[in-house]
Amino acid sequence: MRTVFRNLAALSLAVLSVAAPGVHAEEVVVYSARNEQLIKPLFDAYTKASGVQVKFITDKEGPLLARLKAEGNNTPADLLLTVDAGNLWQAANEGLLQAVDSAVLKANIPVHLRDPEQQWFGLSVRARTLVYNKDKVQPAQLASYEDLADPKWKGRLCLRTSKKVYNQSLVAMMIEAYGEAKTETIVRGWVANLAAPPFADDTKAMEAVAAGQCDVTVVNTYYFGRLMEKQPKLPLAIFWPNQQAGGKHAGVHVNISGAGVTRHAKHREQAVKLLEWLSADAAQKHYADVNMEYPANPAVQPDPVVAGWGRFNQNLINVAEAGKLQARAVMLMDRAGYK
Amino acid sequence: MRGRLLAWAVALAIAALTLFPLAVLAAGLAQMDAVLWLHLRQHVLPELLRNTFWLALGVGGGVTLLGVSLAWLTAACRFPGQGWFDWALLLPLALPAYITAFVWVGWLDFTGTLPTWLREGFGLAWHPPVRSLGGAVLVLTLALYPYVYLTARAAFLEQGSRLLEVAQSLGVSRPRAFLRVVLPVAWPGIIAGLLLALMETLADFGAVAVLNVNTFTTAIYHTWFGLFSLQTASQLALMLAGVVLALVLAESWLRGRQATRQHNGGRPVLIDLHGWRGWLAAAWCGTVLLLAFLMPMLQLVVWSAGVWREDLDLRYFGFVGHSLWLGALGAMLVVVLAVALAYARRLRSGALMLLVARFATLGYALPGAVLAVGFFIPVAWLDRQLADAGIVAGPVLAGTIVVMLLAYASRFLAVGFGPVEAGLGRIGRNLDEASATLGVSGWRRLARVHLPLLRVSLLGAAALVFVDILKELPMTLMTRPFGWDTLAVRVFEMTSEGEWQRAALPALAIVLAGLLPVMLLIRQGRHAAD
Numbered sequence: 001m002r003t004v005f006r007n008l009a010a011l012s013l014a015v016l017s018v019a020a021p022g023v024h025a026e027e028v029v030v031y032s033a034r035n036e037q038l039i040k041p042l043f044d045a046y047t048k049a050s051g052v053q054v055k056f057i058t059d060k061e062g063p064l065l066a067r068l069k070a071e072g073n074n075t076p077a078d079l080l081l082t083v084d085a086g087n088l089w090q091a092a093n094e095g096l097l098q099a100v101d102s103a104v105l106k107a108n109i110p111v112h113l114r115d116p117e118q119q120w121f122g123l124s125v126r127a128r129t130l131v132y133n134k135d136k137v138q139p140a141q142l143a144s145y146e147d148l149a150d151p152k153w154k155g156r157l158c159l160r161t162s163k164k165v166y167n168q169s170l171v172a173m174m175i176e177a178y179g180e181a182k183t184e185t186i187v188r189g190w191v192a193n194l195a196a197p198p199f200a201d202d203t204k205a206m207e208a209v210a211a212g213q214c215d216v217t218v219v220n221t222y223y224f225g226r227l228m229e230k231q232p233k234l235p236l237a238i239f240w241p242n243q244q245a246g247g248k249h250a251g252v253h254v255n256i257s258g259a260g261v262t263r264h265a266k267h268r269e270q271a272v273k274l275l276e277w278l279s280a281d282a283a284q285k286h287y288a289d290v291n292m293e294y295p296a297n298p299a300v301q302p303d304p305v306v307a308g309w310g311r312f313n314q315n316l317i318n319v320a321e322a323g324k325l326q327a328r329a330v331m332l333m334d335r336a337g338y339k
Numbered sequence: 001m002r003g004r005l006l007a008w009a010v011a012l013a014i015a016a017l018t019l020f021p022l023a024v025l026a027a028g029l030a031q032m033d034a035v036l037w038l039h040l041r042q043h044v045l046p047e048l049l050r051n052t053f054w055l056a057l058g059v060g061g062g063v064t065l066l067g068v069s070l071a072w073l074t075a076a077c078r079f080p081g082q083g084w085f086d087w088a089l090l091l092p093l094a095l096p097a098y099i100t101a102f103v104w105v106g107w108l109d110f111t112g113t114l115p116t117w118l119r120e121g122f123g124l125a126w127h128p129p130v131r132s133l134g135g136a137v138l139v140l141t142l143a144l145y146p147y148v149y150l151t152a153r154a155a156f157l158e159q160g161s162r163l164l165e166v167a168q169s170l171g172v173s174r175p176r177a178f179l180r181v182v183l184p185v186a187w188p189g190i191i192a193g194l195l196l197a198l199m200e201t202l203a204d205f206g207a208v209a210v211l212n213v214n215t216f217t218t219a220i221y222h223t224w225f226g227l228f229s230l231q232t233a234s235q236l237a238l239m240l241a242g243v244v245l246a247l248v249l250a251e252s253w254l255r256g257r258q259a260t261r262q263h264n265g266g267r268p269v270l271i272d273l274h275g276w277r278g279w280l281a282a283a284w285c286g287t288v289l290l291l292a293f294l295m296p297m298l299q300l301v302v303w304s305a306g307v308w309r310e311d312l313d314l315r316y317f318g319f320v321g322h323s324l325w326l327g328a329l330g331a332m333l334v335v336v337l338a339v340a341l342a343y344a345r346r347l348r349s350g351a352l353m354l355l356v357a358r359f360a361t362l363g364y365a366l367p368g369a370v371l372a373v374g375f376f377i378p379v380a381w382l383d384r385q386l387a388d389a390g391i392v393a394g395p396v397l398a399g400t401i402v403v404m405l406l407a408y409a410s411r412f413l414a415v416g417f418g419p420v421e422a423g424l425g426r427i428g429r430n431l432d433e434a435s436a437t438l439g440v441s442g443w444r445r446l447a448r449v450h451l452p453l454l455r456v457s458l459l460g461a462a463a464l465v466f467v468d469i470l471k472e473l474p475m476t477l478m479t480r481p482f483g484w485d486t487l488a489v490r491v492f493e494m495t496s497e498g499e500w501q502r503a504a505l506p507a508l509a510i511v512l513a514g515l516l517p518v519m520l521l522i523r524q525g526r527h528a529a530d
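From first to last, the protein sequence lines stand for chains A and B. Under the numbering used here, residues 1 to 339 are what the first sequence spells out, in order. Under the numbering used here, residues 1 to 530 are what the second sequence spells out, in order.
Just so you know, these hints were derived from the structure itself, not from any lab. Since this is a predicted model, take the numbers as computed values, not measurements. We put the beta carbon where it would ideally sit given N, CA and C, even for glycine. A few of these clues could be false.
To be verified - From the derived model, a few chain B residues whose C-beta atoms are all more than 12 Å from chain A:
1) R4
2) L5
3) Q31
4) T64
5) T116
6) V370
7) V392
8) P517
To be verified - Derived Cβ-Cβ restraints for the label pairs, each shown as a range:
9) Q385/B to K40/A: 32 to 38 Å
10) L314/B to Q138/A: 47 to 53 Å
11) K40/A to S435/B: 57 to 63 Å
12) A192/A to T287/B: 21 to 27 Å
13) Q53/A to P46/B: 24 to 30 Å
14) Q42/B to E26/A: 52 to 58 Å
15) L314/B to A282/A: 22 to 28 Å
16) L515/B to Q138/A: 51 to 57 Å
17) Q385/B to A192/A: 53 to 59 Å
18) A282/A to G242/B: 21 to 27 Å
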């Protein structure tokens, strides 16, 4: 019993020390929807290089945004990190971020991968592309996202659930390119072609393609990289869709993992410095490579394995549109019966 | 008189933990987004209402069948392996349902182990539709039956064996005696567990998402994360809470009309199941245990074997430590609050007190992340007031263990309250009267008379809450202090980017961390009943 009390006493001390306002001279606080294993090595490297401590909390985007909002001007967070543009757009839309006028960020991050108002910046590019079964499909048969709605793919298409933000962004960008009516026809075509109910994640969809349940799917490339690393013999290959030049629909749909400085940041200067550091050189490389993504900074080369998938043209519509149109895209997919 | 006022004060203070979050959610009720609601009504709600109804019905039936049959066997019968099944059958509790769901998909879906084997070995192109409503019923039944098992078991143990003996001495056959006497007396306990399982089913998001079934809760998250409307999501969540409230009130009303049951005591005399009957009982227990726990565990072990070299590091001591601390402190807090609330209700048994008690336990029926936000907003508001008043420099409440434990209490009070209330209900009022004549009454009677009789229920409640906290995610994510990552948080880090196999390691650690306390508590409970 005595040890229990001693432990309780120790714990209450711990509680107090956690509650006490930090006395670190230099620190920056990050709210992150990007996984701990992907960001911690980088933050450790930053601390080593700059002497600034990085404190962070991970959670899903929705709760993090709600939390920032609830905390208001009392928030400890200086930087918000997410894995898609939609939620950054939403954060900016709700007044949770502030503009950062930084020559470094402007130079490092291409225009279509950052907020026109400079409230958030892409740090890595996540390309959503087609993956097909090499034994059953010739690359020449593939063309574009919209082509997957063609009846020739009936019973040959697998898709991840429409609940995932990656698909919501893809459809949002199609609305921007084609308008709502045509996009809905395309999505209905996809649904009609499905070989199986939508999958809970990209990997499962690719496994279904490899096993022959269907022939082609739409996934983020890093899932492909991860799966092939584990099972190199799978008969899967990447196809870059929409490569014909011209028109708003040209180019592979890309989303970003990115970050913005919070409106009520207590360590604004430190947050901007961290953001700039993440947008350049070694940090960019690590940020992207650790998850087989593409660096947002065009001066930084992707990982050799990733580069080996070939070069492709990105869709150049600003990723902010994905956020702006996300709710409409979701409603469209509900109407079209895409679960 | 003072005792009665105190009862009200206690009940209201406890209920505040849930009432504040509910009030936050209700604050948005004034503004309805008509466009969004029309859309939901036309394209989203019809399917999911149907799904939710069948899911609740299927899981409800499944957990009752499994839970009651297993509890009767292990509590009242003797058969090969009974002493071991007694506690082992609770173990599935330690497995997060969404992990089990993923494991089942990995076995039965087109690309799964079994269909691949059938296809490649025998050219048989068939796979069971596991990613479906039926799959969700199966997975959730196997994951949630322990709630009914535990409460039914406590009911059978505390009931003692005299009821059955008396019935049999009156010439009633044993099966009839079971149906007519034993089961009705145990019913409040069974219902308490069933309600928990149903609440968890309704609030589940992870498992149904993996199994591709749209339910009310998936629509809530769909509206929040996809349509960016936390407000409409809150309104949907309130509807869900309303349905659950109606359900629990109906249950209380039904139960209230029954006469108070007596605590019959008496050492349980185990019914010997000889020969094939005994083996049949063992086979039934064994099959459930195999499907619900052993096979998923084996899968987790296989997956962990592939990743532990890279992922297992010294930080795991911290993760395990945090999980155990939070689980233990949270379980203690919840059980204390549950006893206080249940006893307050015993002292003031009016309809209003019933309503307060039911509101206090609604947190369990809300989708976790919605409750987390509802809980966090008042805390952050208080923090802001303190900071604006210049008393402190930054947030002092948010990000403390105390707030985190209170958050767990608002989520899991139902888990503690159900078993405790059922146990208290089995203690006859004549015991209260008897102790009153001896000068022991009010809150003192609780400590002197009731608590000792409640030990099985209390330990069971503590075990449930402990394991639930080990698995809990949204509250933990939202309220944990910097650096206080737990095993569940590790699972989240891995699964949120689809690295399910790497999630096996922390999931396995959750099971192992939950194993010992569950075993000890169950054995304690058994000794207390003896």
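Cross-check of the supplied hints:
No beta-carbon of chain A comes within 12 Å of the beta-carbon of R4/B; the shortest separation is about 32 Å. The claim that L5/B lies off the interface holds: its Cβ sits roughly 30 Å from the closest Cβ of chain A, which is beyond the 12 Å cut-off. Every Cβ of chain A is farther than 12 Å from the Cβ of Q31/B; the closest lies at roughly 16 Å, confirming the non-interface assignment. With a least CB separation of 29 Å from chain A, T64/B remains clear of the 12 Å interface cut-off, as annotated.
The non-interface label for T116/B is inconsistent with chain A: the shortest C-beta to C-beta separation is roughly 7 Å, within 12 Å. Here V370/B does not stay apart from chain A, with its beta-carbon only about 9 Å from theirs, under the 12 Å limit. A beta-carbon of chain A is positioned within 12 Å of the beta-carbon of V392/B; the least distance is around 7 Å. With a least CB separation of 14 Å from chain A, P517/B remains clear of the 12 Å interface cut-off, as annotated.
A hinted range of 32 to 38 Å holds for the C-beta pair Q385/B and K40/A, which are about 34 Å apart. Distance hint check: the CB atoms of L314/B and Q138/A are about 51 Å apart, consistent with the given range 47 to 53 Å. Separated by about 58 Å at the C-beta atoms, K40/A and S435/B satisfy the suggested range of 57 to 63 Å. Remark: the range hint 21 to 27 Å for A192/A to T287/B is contradicted by a beta-carbon distance near 41 Å.
For the hinted restraint 24 to 30 Å between Q53/A and P46/B, the CB-CB distance of approximately 52 Å leaves it violated. Taking 52 to 58 Å as the suggested C-beta distance range, the pair Q42/B and E26/A conforms, at roughly 54 Å. A hinted range of 22 to 28 Å for the beta carbons of L314/B and A282/A is consistent with their spacing of about 27 Å. Hint check: L515/B to Q138/A, Cβ distance near 53 Å, so the stated range 51 to 57 Å holds.
Between Q385/B and A192/A the beta carbon distance is about 56 Å. The supplied range of 53 to 59 Å therefore holds. Checked against the hint of 21 to 27 Å, the C-beta distance between A282/A and G242/B comes to roughly 54 Å, which is inconsistent with it.
In this structure, the earlier hints numbered 5, 6, 7, 12, 13, 18 are contradicted, and the remaining ones agree with it.
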